[in-house]
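Protein sequences appear in the order of chains U and L.
Each residue of the first sequence is one higher than the one before, starting from 7 at the first, in the working numbering.
Each residue of the second sequence is one higher than the one before, starting from 940 at the first, in the working numbering.
Simulated from the structure, these hints should not be mistaken for laboratory data.
It is possible that some hints are incorrect.
[Stated by the list, open to error] The list that follows gives simulated cross-link-like pairs (lysine-lysine, PhoX-like), each with its CA atoms no further than 20 Å apart:
no.: 1; chain 1: L; residue 1: K1222; chain 2: L; residue 2: K1199
no.: 2; chain 1: L; residue 1: K974; chain 2: U; residue 2: K407
no.: 3; chain 1: L; residue 1: K997; chain 2: U; residue 2: K148
no.: 4; chain 1: U; residue 1: K622; chain 2: U; residue 2: K315
[Claimed, not checked] Examples of chain U residues toward chain L, derived with CB under 8 Å:
no.: 5; residue: M158
no.: 6; residue: T159
no.: 7; residue: N178
no.: 8; residue: E179
no.: 9; residue: G181
no.: 10; residue: L182
no.: 11; residue: G184
no.: 12; residue: R185
no.: 13; residue: D188
no.: 14; residue: Y194
no.: 15; residue: L210
Where a beta carbon is used, it is the ideal one built from N, C-alpha and C, also for glycine.
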Amino acid sequence: MTQIKVDGELIEVPDYYTLMQAAEAAGKQIPRFCFHERLSVAGNCRMCLVEVKGGPPKPQASCAMGVKDLRPGPNGEPAEIFTNTPMVKKAREGVLEFLLINHPLDCPICDQGGECDLQDQAMAFGLDSSRFTENKRIVEDKYLGPLIKTIMTRCIHCTRCVRFTTEIAGINELGLLGRGEDAQITPYIERALSSELVGNIVDLCPVGALTSRPYAFTARPWELTKTETIDVMDALGSAIRVDSRGCEVMRILPRINEDINEEWISDKTRYVWDGLKRQRLDRPYVRKGKKLVEANWDEALNLVARKIKKAGNRVGAIAGDLAGVEEMYALKKLINSVGSNNIDCRPPMSALEANMDRGVYIFNPTIAGIEESDCILIIGANPRFEASLLNVRIRKTWRAKDLPIGLVGQRVDLTYDYTHLGEDIDSVKALATGSHKFNKILKKAKKPIVIVGEGAISLAKNSKKTGRDILSMSLMIANNAGALREDWNGFGLLHNAAARVGGLDIGFVPDNGGASSLEQLELAKKGELDIIFLLGADEYDLQSLDKTFVVYIGSHGDVGAHHADVILPAAAYTEKSAIYVNSEGRVQMTKRAVFPPGEAKEDWAIIRALSARIDKILPFDNLAQLREKLYAEFPHLQNINQIKAGNISAMKKLAKIPAKTSNVLLRSPIKEYYLTNAIARASKIMAECVKARREREGANR
Amino acid sequence: MSVRRLADDSVQPSSFSFTKENLAWAKKRIALYPKGREQSAIIPLLMRAQEQSGWVSKAAIEKCADMVNMPYIRALEVATFYTQFQLQPVGSKAHIQICGTTPCMLRGAEDLRALCQRKIAKKAHQLNEDGTLSWEEVECAGACVNAPIVTIGKDTYEDLTVERLEEIIDAFAAGKAKEITPGPQIDRQFSAPANGFTSLLNLNNISGKEKKSPANSKGKKTKNRVKSVNENKQATLFSAPKDKKDDLKLISGIGAVLEKKLNNLGITTFAQLAALKKADIKKIDDALSFKGRIERDEWIKQAKALAKGGVEEYIRQFGKKPV
Ligand code: SF4
Ligand code: FES
Ligand code: FES
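Modelling step: build the complete structure from the supplied sequences, incorporating the hints.
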């Protein structure tokens, strides 16, 4: 700790602080453009100038100077800086005047208007006019892909975009070419940036040089209603803010959540919003002959009720990737009420079973905990595309301490260096028995993490659950590496769907002789299942459902809806308040930003209404009552933002090495990152991303 | 300066590789940097590539970047930052860099540029018809005294007139570059005054040699230099008493350097200084180019006081301690 005086006020700060941080600690605002907490210091905008007492007779960039760089006064008094002297005022005015020389001042047609750092700071610290009478500079716009619109004349060369893409996103494609007035932000080759995180440079750009292409000219920030909620595009539950106008979601932005996404979000999370308006199921449909025709709620519900009554307990239900806990809970109760246990929320052939300890199916070390780790082993996952922000954490940790990382699975670019340990189950077995080279490294680690992909534990060969072997061997590896300790649980299962952990938590899995998703589909094929509920379940092979009456409850007209006999239109994640439990086991809740379109209703309410029509009224009339029941049964779900830890000894019990394993390749189940769920598949923007990626890869070849 | 970017694809070669010697040189160069810092070698590598092929092509940038394990965009940033890297093909025989900064501009750089525009190509960085010549305007080359200048390859051609530059260009175009001596194109040594020396003229007298401005012939430049250094050696003019040596530095106006020089001349005591005659003073004055300093600083008076009664007498007479 050192002492420093800021504007006459004596404060104590850690000695690694910069002057800017010190000033902030003293409650002084320092304007800035290039500095960003999570990026390296560039010190090139000069907006953060302060006066240093006894220092050189010129202002100093406070973002690039540390408090320990300051000399104490002649008698050892603490160093002193000023943020409000005439020198500082003049310096700021000067910097802004220079910046504005080449800035087009086209705020009326600029999408950044209203949330532009340059606009705000020019208002707060700048002069009222310019003395520049020459011609302004013009810069050609660059193509950075379908997500980013560039108006490069507005660029002030802060290089935040360059630093983000190189440091956080891990791609070396953007640079500052040339120098001085002719400096230009340019991609090495004019084509879409190859990262799944590029949207973040729109947020980072302090001016309107980089804006969101799909959002261009659609809204002004001050006319938007901002709803703080969470994302469901992957199993991380990143914190987002949904900006809406009227009944339309206009855009999605990240919120800061140090535990999960820091302040970034992936492109799918950010740009999926146009999918919320397309392919929507906005009224009930009933199949008449070959065609689905519009119906009203009464008609649709009555039809379903009649079918259920006839079916007895030959009823099944599969919950999809985006289902909230409440609706799964309601559906489970409904299915149970007719005497069936055919419920499932897992991918086909998943090794996870009912009554398994929570520790087995959550990401125990937590995302923030990755930073503490000193060795990471990834088994059968591609974190970059399965959980982009988790991958960002791994990269961050790797950059900070260059920790050893091993990967069993497909050799892919994860944006950091790793040792490829093999691609098949034999490599996992070698690791489990301790005969692999990497075991030595694992052994040495104090806080190792073993990340296991959901895809790996859902593998099957000859309809045998090979994934089960991978799960138990992974636990074995973790145990042998000392990752299963009371003070460090380093076993992390990485799910791919927002619904998964919540579903597992409330037991939306077949128990007491119930049929799993795959078994249900088998039964359906044989004609032994009369009615099946698909709660937004689109990721299954639904070909065999001809003989079964299919009720689709969901928001988008995707695979599931096409097979449906009745469609009951429901709300998407921005349109309802629902609990989601992320891969870490963290309980979170979405908030409603807009109302569901047309006649669509919240999922739980649909199920509740249905229950009334089959005379098995579920014991809740509103969401609050439902949650009361839910919390009574699963108390941990009421602790928003908390994680109920797994049980180490229960986890250890499952660790074992099977004598015989049938060999399979470990592959990430994500085939196309931009199209992993019904909303994304409905999105035009996502389709463009896919196209851009194909073009890029085609050009690479 | 204008926006710097890679040349059009149509002129980019499909590949680049260093010659054997250059490759060996480059490897040595990379090895100069500590492990993990090899990327620092990118500038010398790019420069070598430019020397080899005249300009830095995309293929060359990628090759150099690969050699130091650097992302292409980072190497391109370096290549576009330094205007010394030519990003488009240059004349195969000569690329003429005209200095256009103020001193050269005042001394006629604009005429030189007009000549290039007429003789080579309308625009900077354009090749002439047969691809042998090109030109550009650059910032100060650091030879302002000899303005106006142009740089061709590693050499500068100074004190140019339009006619002389035309001759030079023709010589290069004809492949007779060897016949042109780089440096000033008028009769002078380096940037010595063009009309002969105006200062330090006495130096020649001391050595007893009458000499004119040394800018007579270029070949002898270095020799002349050496000689003028020797000229500074003084001959002993006085005979110093063997037994005694005073601290002459006590006299205000004499420091350690002067004391040494006086000692070299044979003056080591206050008494000697005090006894100096007018003619002696002149001799010293000439030998050390004092220009009346001895009188101005009252060395004789001070020396007399010190010779008579040491520091006390000095304080009595001058009212302060000698320094
Ligand atoms: S484009 Fe934006 S973020 Fe990038 S350097 Fe320019 S102003 Fe900064
Ligand atoms: S914020 Fe300090 S120089 Fe830009
Ligand atoms: S101005 Fe031309 S060399 Fe300096």
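Against the structure, the hints come out as follows:
1. A C-alpha spacing of about 17 Å is found between K1222 (chain L) and K1199 (chain L), which places the hinted pair at or below 20 Å, so the restraint holds.
2. For the hint pairing K974 (chain L) with K407 (chain U), the CA-to-CA distance comes to about 18 Å; that is within 20 Å, so the pair holds.
3. The hinted pair formed by K997 (chain L) and K148 (chain U) meets the criterion: a straight-line CA distance of about 19 Å does not exceed 20 Å.
4. Between K622 (chain U) and K315 (chain U) the CA atoms are separated by roughly 11 Å; this keeps the pair inside 20 Å, and the hint holds.
5. Taking 8 Å as the C-beta contact cut-off toward chain L, the hint placing M158 (chain U) at the interface is violated, the least distance being around 11 Å.
6. With a cut of 8 Å, the hint placing T159 (chain U) at the interface with chain L is violated, because the nearest CB-to-CB distance is about 13 Å.
7. At its closest, the beta carbon of N178 (chain U) sits 3 Å from a beta carbon of chain L; the interface hint therefore holds under the 8 Å criterion.
8. This hint holds: E179 (chain U) has a C-beta 6 Å from the nearest C-beta of chain L, less than the 8 Å allowed.
9. This hint holds: G181 (chain U) has a C-beta 4 Å from the nearest C-beta of chain L, less than the 8 Å allowed.
10. A least Cβ separation of about 6 Å between L182 (chain U) and chain L falls short of the 8 Å threshold, and the interface hint therefore holds.
11. With a cut of 8 Å, the hint placing G184 (chain U) at the interface with chain L holds, because the nearest CB-to-CB distance is about 5 Å.
12. Given the 8 Å rule on beta carbons, the hint for R185 (chain U) holds: about 5 Å separates it from the nearest Cβ of chain L.
13. Interface restraint check for D188 (chain U): the shortest CB-CB distance to chain L comes to about 5 Å, inside 8 Å, so the restraint holds.
14. The interface hint given for Y194 (chain U) is met, as the beta carbon of that residue sits about 4 Å from the closest beta carbon of chain L, less than 8 Å.
15. Restraint check, L210 (chain U) versus chain L: the minimum CB separation of about 18 Å is more than 8 Å; hint violated.
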